[in-house]
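S.K.: Sequence:
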Amino acid sequence: MKLLHSNLKKGEVKLLTQNLDDLWYLSMIVEPRDIVQGKTLRKIKAASGDEKSKEAAKKPVFMKLLVEKVEFSKYASVLRISGLIREAPEEVPLGSYHTFNVDENTAITIIKENWLKYQLDKLKEACQEKKSSLIICVHDREEAYFALFRKYGYEVVAHIQGEVQKKRQENIKKENFYLMIIAKLKEYAERYEIKQIILASPAFWKEDLMKELDGDELKQKIVLATCSSATKNGIDEVIKRPEVREALKQERTAKEINKVEELFAEIAKNNLAAYGLEDTENAALAGAVKELLITDSLIQKSRMESFYGRIEGVMKMVDKAKGEIEIISSEHEAGKKLDGLGGIAAILRFKLNYG
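Numbering (my numbering) for the sequence shown: 1 to 355.
Honestly, the hints are just simulated from the structure, not real lab data. You can trust all of the hints, since none of them are fake.
Using 27 Å as the maximum straight-line C-alpha spacing, the simulated BS3-like pairs for lysine-lysine come out as follows:
id : residue 1 : residue 2
1  : K124      : K259
2  : K43       : K64
3  : K336      : K269
Could you build all of it, start to finish, from the sequences and the hints given here?
M.R.: Encoded structure:
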């Protein structure tokens, strides 16, 4: 994300989106009652004396919206911001509804009455972050998953299956599955400008694959790890492995997983933790929240089901008390575990009696 202009006294920032991760960041920053403005496409009827001949055609126009709904679709690679039109060309009726479809390379201005610290932190993080340059491959002899790291978790970009040569079948010519995996890794290394590859497998399959890479420069990018299965669960398992900690230290997903594990450790000790909306809200009221953890899916759900005001109230209390706010992606295992607690929890400064 690129910051084009900032005037926080007026609550304004103008941004240019540059990749899919930026859309996720914006979905966490833009909220109901914000103002967004920028160029957009809108159907406008052509001027004509004959009413029957008037046809609507999409034209680029400048528009200002009062935000009511924010929806991020990673599959469509678009952020939809919907609301009431507050400013537009005279051909467009004020007070009608419109949706900005924000994708890569879109310039947009956001105006808030008050920017919370966590929102400014997210904005700074988005503008400093470069696109992820790490991929994980978990495999065995017959199956492999490839996952590209995103800021909202990881995205499984490929799943391949193949056959390998087995004992007593040496005379049968079969495709070398390891070479298929290597070909995929090279393809993604070039396409996504990958700097580091985590290669994991049960048993010794990863070492066997590495033998196929003798003399190949791709080998220099690979960090080896162990997992119990070549599955999506295997990816979650690898992220927690100590041997990949250094490779993952800059990745947002790994940081989120560590935060959630810290929370569950506090819950297990029955000590400095609160979870569920009611208990977390009470902790925020008491000024006890050191770190607030909330999933992006709960934020989206609260907007859809009209209880975002309550979520926003908790975040404002935590922000005012100088607590940290971490938005956790529901795309990975740790986010799903947090969703199992209601999607919101807190690590506390001091213990509370909920008696």
